[in-house]
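> Position one of the sequence shown corresponds to residue 44 (the numbering used here), numbered consecutively onward.
Think of the hints as simulated: they come from the structure by calculation, not from any bench.
It cannot be assumed that every hint is accurate.
Label-pair restraints from in silico Cβ distances [said to hold, decoys possible]:
(1) P48 with H126: 34 to 44 Å
(2) S49 with E109: 27 to 37 Å
(3) G69 with R111: 26 to 36 Å
(4) R132 with W96: 17 to 27 Å
(5) A59 with D93: 28 to 38 Å
(6) G69 with S114: 15 to 25 Å
(7) P124 with R70: 27 to 37 Å
(8) V63 with E105: 16 to 26 Å
Note that the Cβ used here is the ideal one computed from N, Cα and C, for glycine as well.
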Amino acid sequence: MPFPPSVRSLPNTQLAGIDVYVHDDGRTQILFMELGKDRTEVVVPTHTHDVEWGIVVEGRIEMTIEGRTESHLAGATHLIPAHVPHSFRFTPGTSSV
Numbered sequence: 044m045p046f047p048p049s050v051r052s053l054p055n056t057q058l059a060g061i062d063v064y065v066h067d068d069g070r071t072q073i074l075f076m077e078l079g080k081d082r083t084e085v086v087v088p089t090h091t092h093d094v095e096w097g098i099v100v101e102g103r104i105e106m107t108i109e110g111r112t113e114s115h116l117a118g119a120t121h122l123i124p125a126h127v128p129h130s131f132r133f134t135p136g137t138s139s140v
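Using the sequences plus the hints, can you model the full thing?
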């Protein structure tokens, strides 16, 4: 399910080939991430940042956090503490917030 026009009108960029729509009010940043069904699998390399909460809207994301890999399907949420190394593998047709 593609994001609605209100999300698609946000400033956008790409992260490792994933379309990213960004809401940033100066205190909180929300990333709406989407990898089209016609795209190939994308790996977001290991990185760190402040705390992250997310939810898989559609598709599947494999997350590796502190050496442990988990598969998350639509509806699954995750909480990554600040500065903990992690990476993601997005399968085609995946969207997340």
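> Evaluate each hint against the coordinates.
Each hint tested on the structure:
no.	hint	in the structure
1	P48 with H126: 34 to 44 Å	holds, 35 Å
2	S49 with E109: 27 to 37 Å	holds, 36 Å
3	G69 with R111: 26 to 36 Å	holds, 34 Å
4	R132 with W96: 17 to 27 Å	holds, 19 Å
5	A59 with D93: 28 to 38 Å	violated, 19 Å
6	G69 with S114: 15 to 25 Å	violated, 34 Å
7	P124 with R70: 27 to 37 Å	violated, 19 Å
8	V63 with E105: 16 to 26 Å	holds, 18 Å
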